[in-house]
Amino acid sequence: MQSNWQNKIIQFMRGRYGVFDPLNKMLLILTAVLFILNVFSSTLLLRILPLVLLVIVYYRFFSKRIYVRSNENQKYLRWQNKIKNFFKLKKEAFQNRKSYVYFHCPECKKALRAPKGKGKLKITCSQCHHQFIKKV
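Oh and the sequence shown: position 102 is 102 in the numbering used here, straight run, nothing missing.
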């Protein structure tokens, strides 16, 4: 049996976003880091910014515009994925630096690789099929 206050909370949260998604998690972690930094360096920006971020988290959590909040989270996840892929490519290039040369297609900017020590190669981009000559 649910008590009266539980029913009121359920009624209040009905139709609200109420999801602790990756964007909210990132904002809360950033807020906590800024609060900790505020202990060591007390500036006006470090006092106000964590509070603003906390208000944004609460606003997103209690918002009734579910699709807008979901789209914000999807944009954040796409941005996060781009950054992860960038560092993943850099890590792979560093690990294979002795056997491969990494470069980008001049037309579509896709990352490509070729084996080292082969001299001049005629390279065809796998995405846009542009052909160019590269010395490796």
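Rather than coming from a laboratory, the hints here were simulated on the basis of the structure.
A few of these clues could be false.
List time: in silico BS3-like cross-link candidates among lysine-lysine, alpha-carbon distance up to 25 Å [to be verified]:
hint: 1; residue 1: K64; residue 2: K84
hint: 2; residue 1: K116; residue 2: K91
hint: 3; residue 1: K64; residue 2: K8
hint: 4; residue 1: K75; residue 2: K98
Derived CB-CB ranges, DEER-like [as the list claims (entries may be wrong)]:
hint: 5; residue 1: V52; residue 2: P22; range: 18 to 28 Å
hint: 6; residue 1: R97; residue 2: L54; range: 39 to 49 Å
hint: 7; residue 1: S126; residue 2: I10; range: 50 to 60 Å
Beta carbons: idealized from backbone N, C-alpha and C, even for Gly.
Here's how the hints hold up against the structure:
The suggested pairing of K64 with K84 is violated, with an alpha-carbon distance near 31 Å, which exceeds 25 Å. Note on K116 and K91: the hinted pairing holds, with a Cα-Cα distance of about 18 Å set against a maximum of 25 Å. Between K64 and K8 the CA atoms are separated by roughly 17 Å; this keeps the pair inside 25 Å, and the hint holds. Proximity of K75 to K98 is assessed by CA-CA distance (about 36 Å); at most 25 Å being required, the pair is judged violated.
Separation of V52 from P22 is about 20 Å and conforms to the stated range, judged on CB atoms against 18 to 28 Å. Distance hint check for R97 and L54: the Cβ-Cβ separation is about 44 Å, which falls inside the suggested range of 39 to 49 Å. One distance hint, 50 to 60 Å for the beta-carbon pair S126 and I10, holds here, with the actual separation near 53 Å.
This entry does not satisfy hints 1, 4, going by the numbered hints stated previously.
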